[in-house]
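Participant: The lines below spell out each chain.
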Amino acid sequence: MSESSVSESSIRQFISFTIGDEEYGVDIMAIREIKGWTASTELPNTPAYIRGVINLRGAIVPILDLRARFGRGVTATSPRHVIIVVAVGSRVAGILVDAVADILAVSADEIQPPPQIERSDIGFLTGLVTVDGRMVALLDLDHVFAFDDLDLTDGVAAA
Amino acid sequence: MSEDQPYDLSRFKATYFEECAELLAAAEETIARLQLGEGDLEDLNAVFRCVHSIKGGAGAFAFEDLVRFAHVFETSMDALRSGRVALTPHVADLLVRGTDTLGDFVRAAQEEVALPADHGADVTAALERILIEEPEPPSAVPVPSGAAPVVNAPILWNIRLLPAAGLLLTGNDPQLLFRELAALGEIEVVADLSRLPGLTEINPRDTYLSWTISLITDRERAEIEEVFEFVAGDTADVLITQIGLDVDGEGEGWGLFLPLSEPAPDPAPAPVAAVPSVPVLPAPAVARADPHPPLSAPIRSGTNASTGASVGGSGGSGIHTASIRVDLDRIDRLVNMVGELVITQAMLGQQTTGFSVESHPELIQGLQELSHHTRELQESVMAIRAQPVKALFSRAPRLVRDLSLKLGKQARLVMSGENTEVDKTVIEQLSDPLTHLIRNSLDHGLEPPEERLAAGKPAEGTIHLGAAHRSGRIIIEISDDGRGINRKRVFDKAVERGLIDRTAQLSDEQIDQLIFAPGFSTADQVSDVSGRGVGMDVVRKNIQDVGGRVVVQNTPGLGARFVLSLPLTLAVMDGMLVAVGGERYVLPLTNIVESLRPTPQQTRTLVNVGDVLTLRGDYIRLVRLYELFGIKGAITDPTRALAVVVETEGGDRIGLLVDELLGQQQVVIKSLDSNFHPVEGVSAATILGDGRVALILDAGALRIMGERLSHDATVAAE
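As you go down the protein sequences, you meet chains P and W in turn. In terms of full-length UniProt numbering, the first sequence is residues 1 to 159. In terms of full-length UniProt numbering, the second sequence is residues 1 to 718.
Everything labelled a hint here was simulated from the structure, so no lab data went into it. Glycine included, each C-beta is placed from N, C-alpha and C at the ideal position. A portion of the hints provided could be inaccurate.
Interface residues of chain P toward chain W, partial, derived using beta-carbon atoms under 10 Å [what the hints assert, rightly or not]:
1) Ala39
2) Leu43
3) Val53
4) Val92
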């Protein structure tokens with residue numbers, strides 16, 4: 001017991017999911033629930049990556065299209081798509097992804113800083129980790145959901 | 001146990017401050033009555049009790065500044081209620097100031113900030129002067145703020161305590177009284193057992209003992225009396241006699257209050273017949289029994305002031321109040337739950353629209369009952385949060401009185417509908433705007449007496465403050481019979497401030513509305529009454545923030561009337577569901593004037609304005625919702641769509657173009673910004689019967705967006 005608790009402290013768990021061929025991870029502690037795609041209500045004059053709001057047991061929760069957030073076009077949704085509901089600070093929001101992949105246990109020293117390469121999503125990452133030969137990019141949720149500096153007026157251009 | 005204490009204490013503190021707020025409000029209200037000369041002895045007693053209760057709790061939490069001031073205040077109140085000082089208008093004013101200062105100290109304690117050391121020193125001095133004006137030699141020692149209290153030489157007192165049979169039933173315990181006395185000095189208690197019956201006859205709830213207490217203390221008589229505050233007269237006879245001094249005068253010595261968190265100074269082992277070096281005016285041998293309120297009086301339970309400890313000081317233990325104190329959070333949770341129920345009920349209703357009464361009689365009937373009960377439940381829950389606007393109005397008489405004195409005007413306040421109930425949140429939001437509007441009426445509206453007389457009006461102006469329920473909203477009116485709004489001055493000022501162009505053609509009503517423009521203030525000189533330039537626009541904004549509207553009706557020369565219209569609650573509203581393209585939106589029902597399908601003759605395009613709708617001779621700007629919100633698949637031809645005439649704050653009207661009306665529905669208001677970001681044109685969101693989210697439209701914002709869009713289009717065309 002004492003041996004495992006020593007290693008547990010440095011091990012973090014992530015839920016990984018896919019967008020196209022890329023695999024991303026979100027800290028499991030931030031995740032509130034995972035649910036299938038349900039039609040959302042569009043919010044007028046917001047960027048294309050805001051997929052509107054859904055009713056999550058009485059709360060109004062905004063949905064963010066991660067693919068569009070990374071500038072790779074708007075996701076064509078189907079019932080097979082997945083919404084990962086996360087808590088960011090005091091807010092609750094959903095991210096739209098293609099599919100959930102895995103649960104990863106990663107020790108802190110396995111996490112590499114994001115490489116200095118051209119990647120459209122590079123600003124939204126906290127690090128990279130390699131699991132079974134796959135590269136998983138770890139998301140910086142605070143940055144992904146930085147709504148406060150969101151300029152809603154020019155958002156239409158992004159569509 | 002001990003770990004729990006800090007937590008518990010903070011909870012008790014919160015309760016204490018809530019009580020303080022209520023007590024202060026009650027005191028203020030009562031003093032207002034006293035000011036009008038309508039009060040009686042019971043009112044004085046009531047104010048005394050309020051101050052006393054505040055002091056008692058403050059002692060328990062060791063808020064020493066608060067205790068010190070409350071004590072001075074209480075002492076002068078006591079002089080008033082005992083009739084030794086007459087209640088003159090000057091004294092009544094002083095009570096008002098005293099209550100204010102007491103409130104300052106309470107707030108300082110609550111916010112844990114320190115007030116300047118001399119805060120309230122003028123009021124303290126004035127209160128003490130009341131006592132000095134007594135015919136007796138001045139016995140009140142001024143309290144030097146923060147300085148060490150004056151200590152008198154110890155005196156021997158003899159106290160006889162003869163409890164009535166029911167003493168224990170009122171929650172009083174003689175042991176606790178002794179303990180309190182012991183804190184004042186050195187005591188010796190001798191019990192009189194003569195009334196003790198045989199063991200079989202003893203009723204454990206009765207008291208059979210009486211006591212003789214010798215107390216050697218340097219404290220004043222008033223402090224000793226205070227120990228018996230809640231027992232004397234009603235549940236026990238108390239005789240306090242001073243021993244070893246010549247009784248050479250009447251009256252009582254008003255002492256200083258020593259916070260009991262400090263250890264009592266060691267009483268000097270003085271001989272019984274010691275003569276004090278500081279002259280103390282001894283009182284008649286029998287303690288005053290009268291000023292203590294009868295048991296039936298609504299005494300708030302509170303700890304006894306002199307110990308601040310757990311003495312059951314409630315003289316009114318027999319009183320059962322019909323109310324309980326509930327945390328607002330709990331009520332909010334209840335409100336939310338009812339909101340969910342409303343949504344679920346709407347969903348069930350929607351799912352069963354295809355069912356007829358013939359095929360499913362019980363289901364349909366059940367649903368109808370559910371709908372009925374849901375609405376009733378919702379109203380009951382809302383009623384919990386509802387409070388009479390009296391709480392809001394009670395400050396008005398003060399305000400009018402103080403301001404009219406300050407401004408040299410004569411004003412009379414007439415209030416109506418004080419018992420109209422409205423949601424607590426709405427009341428909180430209304431307080432500032434209302435104060436401002438009353439100030440405004442007094443400062444700008446009412447003329448000085450000579451000007452009024454010259455205009456053939458009575459010298460005394462009238463301000464009317466009224467509240468009423470009207471069509472599911474609360475209407476609050478502030479009107480005066482003053483000079484009204486001077487439209488020419490308003491116009492000139494607006495030009496001067498760059499708010500409008502000098503050549504602008506405005507209707508009278510539009511000019512009146514200019515006073516709500518940001519940065520507008522007509523006061524020629526900035527006074528501390530109104531006219532800081534943050535006036536009416538802030539009023540309007542505050543009102544709009546809670547979904548309300550404010551309009552002004554102006555009759556130059558005869559007065560102005562401000563009408564505030566607010567929703568009764570912030571949680572649920574009646575809305576109209578409209579469809580545009582594939583989207584559905586909710587329009588607040590209160591905004592909707594009418595809806596129509598425009599004929600080709602009714603739609604025009606005006607240069608510099610854009611599309612307008614002509615309606616009975618008026619031009620109304622046509623706002624295409626699909627255009628503002630970028631909705632695809634909507635009907636773009638106005639003659640095939642529907643125009644909903646929507647009235648915004650200030651009476652502006654727009655024709656909002658939508659595809660169709662889907663029906664009227666009660667909706668639960670859900671915040672959009674709690675998880676996201678405000679969206680222009682949308683005030684909030686709601687959940688429809690099918691579980692989908694619908695956005696609630698903000699008519700005022702849509703009007704502005706529409707204007708901006710047509711302005712941009714005009715600029716682009718040029």
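Participant: Holds or violated: is the Cβ of valine 92 of chain P closer than 10 Å to a Cβ in chain W?
Facilitator: holds (5 Å)
Participant: Was the hint right that alanine 39 of chain P lines chain W, CB cutoff 10 Å?
Facilitator: holds (7 Å)
Participant: Going by Cβ atoms only, is valine 53 of chain P closer than 10 Å to chain W?
Facilitator: With a minimum Cβ separation of about 5 Å from chain W (threshold 10 Å), the hint on valine 53 of chain P holds.
Participant: Interface hint check: leucine 43 of chain P, Cβ to nearest Cβ on chain W, cutoff 10 Å. Holds or violated?
Facilitator: Result: holds, 5 Å to nearest chain W Cβ.
When the structure is compared with the earlier hints, no violation turns up for any of them.
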